[in-house]
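Novice: Here are the chains, one letter per residue:
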Amino acid sequence: MQIKPILAALRRHRLATLLIAMEIALACAVLCNACFLVARRWAMIHTNSGVDETSLAVLTINGFDPNQAGDVNARMVAGLQAIPGVQSATLINQVPFGPQAGAAGVSHDPNSFENLIGVVDFVLGGPGTFEALGLKLVAGRLPKPDDYQPATSFVPNDAQVLVTRALAAHAWPGENPLGKDFWCDKFHFRVIGVVDHLARAQPHDYNMSQAEWTVFTPTAPGGTLSGTYLLRARPQDVQRVLQAARAAVQKIAPDVVLDRENSRTLSDLRASYFKTDRIMISLLLGVVALMLGVTALGIVGLTSFWVAQRRKQIGIRRAIGATRGDILRYFQTENFLIVTFGIALGMLLAFVLNAVLMKFYELPHLPLYYLPIGAVALWTLGQLAVLGPALRAAAVPPVVATRSV
Amino acid sequence: MFAYYLDLALRSLKRNKVLTALMVLAIAVGIGASMTTLTVVHLLSGDPLPGKSGVLYFPQVDPETPASARQSEPYPAMDFRSAVDLWSAHRADRQAILTSSPVKVRLPDSGQPPLMLSMLSASADFFPMFDVPFQYGSGWSANDDASHARVAVITTDLNQKLFGGTNSVGRILRIRGTDMRIIGVLRPWRPTPLFYDPWSQNFSKTEDVFAPFTSSLEINKGNFLPYTCWHVPKDPRDMEHSDCVWVWLWLELDSPAKARDYARFLDDYANTQKSLGRFAVGSEHVRLRNLMAWLTARGQVPGDVRLQAWLASAFLAICLFNAVGLLLAKFLRRSGEIGVRRALGASRGAIFSQCLVEAGVIGLLGGIGGWLLTLAGLWLVRRQPVDYAHLAHLDTAMFLTTFVVAVGASLLAGLIPALRASRVVPSWQLKAL
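Protein chains in written order, with the working numbering: chain A, 1 to 405; chain B, 406 to 838.
A couple of the hints might just be wrong.
[To be verified] Non-contacting residues of chain B with respect to chain A, defined by C-beta distances greater than 10 Å in every case (computed):
1. L415
2. V446
3. S450
4. D452
5. G456
6. R576
7. R595
8. S605
9. F670
10. N695
11. A748
12. W776
[As the list claims (entries may be wrong)] Derived EDC-like pairs (lysine to aspartate or glutamate); straight-line CA-CA distance at most 16 Å:
13. K144(A) - E131(A)
14. K275(A) - D792(B)
15. K626(B) - D643(B)
16. K679(B) - D490(B)
17. K679(B) - E689(B)
18. K359(A) - D709(B)
19. K639(B) - D158(A)
20. K457(B) - D498(B)
21. K186(A) - D640(B)
22. K626(B) - D640(B)
23. K457(B) - D536(B)
24. K457(B) - D659(B)
25. K251(A) - D71(A)
26. K610(B) - D792(B)
27. K186(A) - D158(A)
28. K626(B) - D65(A)
29. K186(A) - D648(B)
30. K4(A) - D326(A)
31. K639(B) - D185(A)
32. K457(B) - E657(B)
33. K186(A) - E114(A)
34. K144(A) - D158(A)
35. K180(A) - D109(A)
36. K275(A) - D709(B)
Since the hints were derived computationally from the structure, they do not count as laboratory data. Glycine is no exception: its CB is placed at the ideal position from the N, C-alpha and C atoms.
Given these sequences and hints, build the entire structure.
Specialist: What follows is the structure, given as structure tokens:
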């Protein structure tokens, strides 16, 4: 295939060529960045909570005085456990995708935040909560009965805790986290175990790499740890058990107020927490599809025009021996050249767009492997769009050359 | 002449219906997408108190000690002492001290189960300062603040829920353990965004119950939540003596001179506190922004919405490139016809304006399509589970903008092709005929 004559012909149509190339370039830039955003949202939606979501529900009550906490807890736990189908009812302060209860900065030193580790979520759990959540222990030991210390402030004064693998790797990179100490102001924590995964309550509020900076803190029920109950049941029973539990609150503790908004199954909480992300993903994909469609239409429109304009020349080429395949390949190669030019421009533009997005959103750099994907997508799109007009061009009979010259 | 060009344009558009439809559709989709997102951005960055927002100010100081390297901006709220100091100085024309907390409410002797509601603790100036509309009764006075009066104001929604919408002024509400007399019921009031509460979701509803700041601190003690703390409170139930920010102020300063004076007063206050050792950072972290400036600083348009606007603009740009290409093809295809017109005496300008009229007609048609698509897009936005969904309606300004943008964009797109068409050399075309 001779490229020189194609380039010579394109030079005659500089403006139109440039327009199509610019359109491709913009499409390439938006495509790469949109796919990148979709991939990040997708990863966010699939945040591993580390807990057995399908078997769990949470029930929240409020409107009682802290000095009644012990009594309310005892009545609630007993009452909830009596509901048929409930495998366990235990105390917890927050669950993944529910409201955040305890987040604080922690540091390697007491009474100072100079040597900051970061802001972590404290998941306070009473006896049985660790097992009910279904957390996977990867190192160290489970909490023993005397590890459950009472909390009058937001955490116990001195706690034996389990951290997630992600937090351990961040706080003590390359070291064994077991037995390590950390502080929040005067509160002391010692790591006794490492769990595989446990997500924050509101992972969206933090950088994605920090979604699992969580500390499971064994805590004795009462004081701060009251009013929120974790229900475990077989997956097929969870919904029914939760309904029964919500209805039972009035009987178990007549003076408290059920927080309907925050008494839901964990699957339900997850679905609503990520609902806007799911909408955003479909929106991004919808715009990308429309954009590629418009670009393809542009290519079809302009190539059709060129084919019509060059009918006579095509006829002459056919008359002096060019095959249909030659004409077809001519238009395909021409399109390939224009699209390649557009992609080259588009890659630069993709990085500019990425830089702009990075300025306004907490986004990392666009990974390089998005560029070849975008390029292949646009080459394919270009070839598909040009096929129709190119076939029409190939169908021009040689006899055209003999008419009205 | 314009009518003739219009006729020519319509004939030309009818000649190639598919190409015309494609161009109109591309412009309509581009306009629809971008106008939907721009309308949302426009509505979300609106002024919640038009006419009044210029004289309302949000003061900020930074009470954190020692100063952390966290940020260059102070927190959006203050510790109790700073807020009360500034409030009781009475240096502004009006000043409201505010905080919000969850509270348990029931009607005494009604047998209805108690409700958990949210309560705004405010001083008397809150109501006149923000032009809060009343259906029954009124707000409380500065004397009520001073005497820790057990009075409350409720929203129309709560009045509907508890009293079936009747005049409930004088009725008793048991807030936690204390009986409070209702002295006012609001008319439906939903400032958007909910500008006065720096912790709120931007577009959420107001609190259900309003009570004097001084009294509510007593009746709901222990239930106030910190925005953030730099030392863990010794007693989490005692916010008043904690190192936490949880109270904030709003000021009314009727003239720029007063605003300047107040800014100086605020700087002095912060510097004095610094020299006393109570603040680590003095006037460098003092802010006194008026309402709209504060909303901008707070970032009231959600990130997702801005992202959508960016995306839609890029999409519109692609649609325009597309339109330029197609118009170019369309005009140059008629080179022969243009050559004849030129040979018969039409000037370049005439050809140019004829082409632009055609581009404008396409823009107008695209604008109508875009307007319909914008309505459909906003309908979709209203069905989303976001707190600003109820706002998504097309107002007159945005309706007109839709057509201005559509016609303007297509004229812009027609500019280069029209210029090209007007440069067609008649003799060449005539020879080729």
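Novice: Run through the hints listed earlier and report the numbers of any the structure violates, in increasing order.
Specialist: Failing hints: none at all.
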